[in-house]
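All chains should be built: construct the whole structure from the sequences, respecting the hints.
Listed below are the residues making up each chain.
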Amino acid sequence: ILNVEQSPQSLHVQEGDSTNFTCSFPSSNFYALHWYRWETAKSPEALFVMTLNGDEKKKGRISATLNTKEGYSYLYIKGSQPEDSATYLCAFNQGGKLIFGQGTELSVKP
Amino acid sequence: DGGITQSPKYLFRKEGQNVTLSCEQNLNHDAMYWYRQDPGQGLRLIYYSQIVNDFQKGDIAEGYSVSREKKESFPLTVTSAQKNPTAFYLCASREPGSRQPQHFGDGTRLSIL
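In the order they appear, the protein sequences are chains A and B.
The first sequence begins at 1 in my numbering and counts up one residue at a time.
The second sequence begins at 1 in my numbering and counts up one residue at a time.
No lab work stands behind these hints: they were computed from the structure.
Just so it is clear, CB atoms sit at the ideal spot from N, CA and C, and this is done for glycine as well.
Do not take every clue at face value.
Chain B stretches covered by chain A per the calculated footprint, using a threshold of three residues with CB under 8 Å from any CB of chain A [claimed, not checked]: (1) 9-15; (2) 19-30; (3) 34-43; (4) 69-83.
Partner residues are not named here, just some residues of chain A that face chain B (Cβ under 8 Å, in silico) [claimed, not checked]: (5) 46; (6) 97; (7) 107; (8) 110.
This is how it looks when you write it as structure tokens:
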């Protein structure tokens, strides 16, 4: 069974802090890696789909990098805001089937 | 607006009963998925369907059944054989192309009375 690990499990930061978290996945047979944001009482929302080693993607203050050779991806949030509070999920794509990590829960205090 | 609708939001089941969770999408997506979330765990795949009249077991299919008679609909039945059904259930669909992101419904929380 493939293992996708996210760290840390939870993170508490102050407004304005920059933060990052990690997703580790199997480095063999890489197909794609997904990042989702899941706010409380809402449905998970796709942030990025990363497909190539060295990929860097950006959406506003959020960016992600990918290293398929060593099997990790980083998600960065610059200048965190309270509205960034959510659980961030990564998922390893096995040809259309997603294997999810357990998520990183981010709380941003004003 | 296009999207995925799951109903009901909360569902209660008595021991020994089967219960069906509804998932409808108007995004014209071929692929649909059912996931289960338990506290402290990632989303786990129960069943998925790549096309109408076809579906495959995911990682935790035991005690569940599905049907895919229409493109728009992918209902999940939690049978009495599922020993620990209390969980949060999410339905998703995917745009054409296996690398595309999935779109999720708002989920159904199932509890045992």
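Consistency of the hints with the structure:
{"no.": "1", "hint": "9-15", "in the structure": "violated (count 0)"}
{"no.": "2", "hint": "19-30", "in the structure": "violated (count 0)"}
{"no.": "3", "hint": "34-43", "in the structure": "holds (count 5)"}
{"no.": "4", "hint": "69-83", "in the structure": "violated (count 0)"}
{"no.": "5", "hint": "46", "in the structure": "3 Å, holds"}
{"no.": "6", "hint": "97", "in the structure": "6 Å, holds"}
{"no.": "7", "hint": "107", "in the structure": "17 Å, violated"}
{"no.": "8", "hint": "110", "in the structure": "27 Å, violated"}
Hint violations for this structure: numbers 1, 2, 4, 7 and 8, all remaining hints satisfied.
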